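Asks: Chain residues, written in single-letter form:
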Amino acid sequence: MNTRAQLKMFETIGVLIVFFILLAIGMSVYFFLQKTSYAKDIEHARQLEALALMQKMLYLPELDCNFLQTTQDNCIEKLKLEALRDLLQRDANAKQDYYPTFGRSAIKIVPVYPTGNDITLYQNTPQKYKQMFKTHTPIILKDTVNNINTFAYIEITSYIPEEYAREE
Amino acid sequence: MNNKRAFEMEFHWIFILIAGAVILGFFFMMAQKQKTASQERLATNLLTELNSAFVAALQSKGTAQLLNLPTSGIELSCGKTDICDCKYTILGRDKTTGDNIIFGPQKLTDAKATLWTLDWKAPYRATNFLYLTTQQVKYVIVSSDEPIIKQFETKILRDLPTTLKIQTVTNIQEINFGTEHTRVTYLTNPDIQQLTNKAKGKDVSTVYIQPPNNVTFYTRKNNNEAFTPITLPFLSDPQAEQAINDATLYAAIFSNNPHLYKCQMQTAYKKLANVASVIIARAQELQTETDAQGKTQCTYPIDTLQKLKTEAQKAAQGQDTSNTIIQYSQELHNANKVLLTSNCPVLY
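Protein chains in written order, with my numbering: chain A, 603 to 770; chain B, 17 to 364.
In isolation and in its complexed conformation, chain A is listed as follows:
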């Protein structure tokens, strides 16, 4: 009787152990999938942030083509662009002020027609990064002095540094 009861108990414990092992495996698979899906969400959020940066760029008062307080869509004024680029290169405080806007990214304006030299507005590339997203959008580069409009595009490279990836 004693041996039978002991055997029955071991059997029950065995079933429980197997049950927990299966449950743990199931849960770890589930959480792994959850984590992957969350990481995808984060990646999607980063991509949206990169697109948001592009949208912000097009309406920055420091760059926009303005005539009598009317902003021209998808247009950047060359004089303002060069002035902002010089300011960001020269003044560390200004670069710090623009960090919330531009973040960890590289912003380049590439003239297409008539061709010209690329203008790098901002460069803040982390030494090590996990991922990067590149976005392009066509613009008009307006030269107010010579009254010339150039077809160009903005190239924004957004970086996700490794420490960010680890945090996530």
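It is possible that part of the hints are untrue.
To be verified - Covered stretches of chain A, as calculated for chain B (at least 3 residues, CB under 8 Å): (1) 608 to 618; (2) 631 to 644; (3) 673 to 685; (4) 695 to 707.
In short, the hints are calculated from the structure, not lab data. From a predicted model like this one, the values you see are computed outputs, not experimental measurements. Yeah, the Cβ is synthetic: ideal placement off N, Cα and C, and Gly gets one too.
Place chain B on chain A using the hints.
Replies: Same frame as chain A, but now just chain B:
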């Protein structure tokens, strides 16, 4: 034999209880973990959506749009110390406001929020202001029959989005306090004692728009206490309304927290100074070019721009330079008009 059997039965039940508790505990732990994970995920998605809405709103200046809010609401704050750490919080997760300048009540709890955007001009467009509010906030404007005040009231009512809950009164006895937060805006000298008596136990905050460019916030820690005044500057002058718009006036109406108003305005002044730097460099270039082309009539007010930049930098550090900023903005506005009529490239 009987005793042994009873002991076995007891042990059997204890074993079942322990095993049951372990299984229950395991599932409880899993459910908690799952809840935390899904809340984290929801917060991330909501913060991303909200940020996208803010960016989209920046492109449609002067418009109001409706946003879906999470049931837990959104909190807007700039910290409790003098250091400005502005952020919005959803489901316990913070996101810094960054370069978005947002004004609104400290807590927004409703299914939908109104997001209104205005560009801030002083005299050039320096940045855009975002105003966030809900139907859970009632805006009461206390005015008088004085023609200037009436005109001011009409202007405010014309500008504010139609989705807001607004009541205009000349006597605070006419205010119907409901369950929502009431934001009382005085355009005339306020009788705060009368308001304290009338609004006992009600969720009320008050602001007095003090001409020409001061704003006094009246806040209280709980709904039965007396109001404490805090006076801060804002940029507005009816004489210079073409040079400076009323974006800062609405900022004071929408923020029921003076610290949030002060911090966000400091960010705005920093932007004003940075845009001035770009406009100065552009003006210097234009001056050189127009001189080379022999357009002697084109004179760019670089000194005034420089002064405006200095004053904006001081304001960004918390100093009250609103009078001089208004003066230089007016000068720049006039200079820009002269450039336009003289057939020169305009300043802004």
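Asks: Quick check: which numbered hints come out false for this structure?
Replies: Of the numbered hints, all hold.
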